[in-house]
Amino acid sequence: MKKAKAVQWLRRAVQAGVLLMVLMAPFMAQYRVLLANNEIENLRQQGKSNLSNRIYLTIDDSIRGRVNKNPSYNSATEREKIVGKLERLQGNTWSAKIFGISLTDPLGGLESVFASKTASQSLLVGMLVPMLATILLGRVFCSWMCPAGLIFEMTDRLRYFLPRIGIPLRSISFSTLNKYTLLSAGLVIVFMAGLPLLGYFYPPAILGREVHQAADVLFYEAMPSTEAIGPLVLSGALLFFVLIILIEVAVAKRMWCRYFCPGGALYALLGWRRVFRIGNETSRCTHCVECVKVCPMGLNPMKPDPGLECDNCLVCLTTCEPGSLSLNLRFKRVKIEPTISEMEKPQAKIAC
Amino acid sequence: MGAVIPVFFPLLELLPKGSRFKKFLRPPGARSEEEFLRDCIGCGQCANVCPNKCITLYGLEGGLENLATPKINARAKGCILCMACTQVCPTRALDKLEPTPEGRQAVAMGTAFVSEDICYSFAGRTCGVCYHACPLPGKAMTLGLFEQPHVHAEHCVGCGLCEQACVHMPQAIRVVPKDNLSKTEAEKAAVS
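Protein chains in written order, with the working numbering: chain X, 1 to 352; chain E, 1001 to 1192.
Everything labelled a hint here was simulated from the structure, so no lab data went into it. The reader is advised that the hints may include incorrect statements.
Unchecked claim - Beta-carbon label-pair distances, calculated as ranges:
hint, chain 1, residue 1, chain 2, residue 2, range
1, E, S1115, X, L177, 56 to 64 Å
2, E, R1125, X, F27, 38 to 46 Å
3, E, T1142, X, F240, 47 to 55 Å
4, X, V217, E, G1063, 14 to 22 Å
5, X, V242, E, G1144, 53 to 61 Å
Unchecked claim - If you want the footprint, here are the derived chain E segments under chain X, 3+ residues with CB under 8 Å:
hint, stretch
6, 1042-1048
7, 1064-1070
Quick caveat, the model's predicted, so the values are computed rather than measured. Where is the CB? At the ideal position from N, CA and C, for every residue including glycine.
Let the sequences and hints guide you as you build the complete structure.
Given below as structure tokens:
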């Protein structure tokens, strides 16, 4: 159990790191621009400035000044020197480039493939690492990385505090098939419309986009004030995000992730034959139902196999006192014994 | 949910797909507007990596089709053709181009048009600011008498630096996006 709790701390650290990256990357980009502008100003003061009537300040300014002097000058390496330092970490969980490795959310890649009816090499390369990780580890993006998932987990704590103050909350359970329906319907609509629309309704993508827009609004210089449209998209998509949180707190625990997230559905489908699975050693299990109470996805870890929905967050391991639950390396599927399914019946009431 | 899909299909036709909204330039490497909208997933990495911060993302003002796709408002800030955005794009939305003279010439974002009636140089007052801002001087733009700018459409890449630099208010030189260009030519043909 101590080990399991350490794993939970590790999970929180990874989640917080990813959230920090999503929050920091746009501001790092702004800082990069500042550095680049300083560097350009230096280059400009060093070189002769025969173009005194320029009213803009650009990199190309200095670059073209040097091309004339030195024909072997390579603007690509110069750009790398100027702005490449902070470029090692950029993007968000929707699509990122970290130390030169391109990473794209499989949902984003898939909808791009569906919308354009073609697949580019760079897209497939970007999808490769997340897809392989999902196939091996299951739906770990949802529980270990998704920044929106972290926020939903935090706001989920309100469901424990609000009833104590006297605000009654409901617990409605929807069908988990909802998210697969949303995913397939969304992909059909994307295919028909030829527009990648799923990203507008996918919380981690919204979060990354909103942070970027917020940074643009704060360090605003490119657009004249008549076109200050950053706040518009902020209000539009953030409203959706806040709406999810409000409904989730009022109606059902982790509603979006469990029942409606199209990305979660895709990850679940990709990880249906995952190698790392939670397994229950039925001979040691005391049926204390603690793991069922604590599961964020509302599953029953007491089954020999938790099934498609499990996102390998490993929270159930922290509560298992007899130590019958464990994370196993399994290559074959386990048949669910009928005796276990009979035991489920009384637990249906407890599950929240 | 099953009932939603047949209802939704006619609604797809209502999605804004024309020039209902004001068009801005797309980043370099973008092909036609339709292809771009199909491929772009709105990750915002091009806007993130732009060292000039000329690329900004559309908000809701561009309609649903343009939401979170990149744009360049040339009057506010033109593109310096550093090609950083084309290197980082995860999809086919932006073709990969190198920041070499050949790569710059391959860019096609739009074409600049001079309004000769308001341009200072055409009124006999020597200006020539747009020529000095042009990244392809002598090719895309040449100077005539009183530094009158003459745009050569076959070489103009539509970076928008001339429009940004123009000292006249409103700008006497405008970059028309590639997507609008074909329409204006079709309109011209229809008029004549």
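Hints, verified against the model:
1. Between S1115/E and L177/X, the C-beta spacing of about 60 Å keeps the proposed range 56 to 64 Å intact.
2. For R1125/E and F27/X, the hinted distance range of 38 to 46 Å is satisfied, since their beta carbons lie about 44 Å from each other.
3. In this structure the hint that T1142/E and F240/X lie 47 to 55 Å apart at CB holds, the actual value being about 51 Å.
4. Distance hint for V217/X and G1063/E: a CB-CB separation of about 20 Å, consistent with the stated range 14 to 22 Å.
5. A beta carbon spacing of about 58 Å between V242/X and G1144/E agrees with the range 53 to 61 Å that was offered as a hint.
6. A count of 6 residues in the stretch 1042-1048 of chain E with a Cβ less than 8 Å from any Cβ of chain X is obtained; the coverage claim is therefore met, three being the minimum.
7. For the stretch 1064-1070 of chain E, the proposed coverage by chain X is satisfied: 4 residues have a C-beta within less than 8 Å of a C-beta in that chain, meeting the threshold of three.
Every hint, counting from the list given before, is met by this structure.
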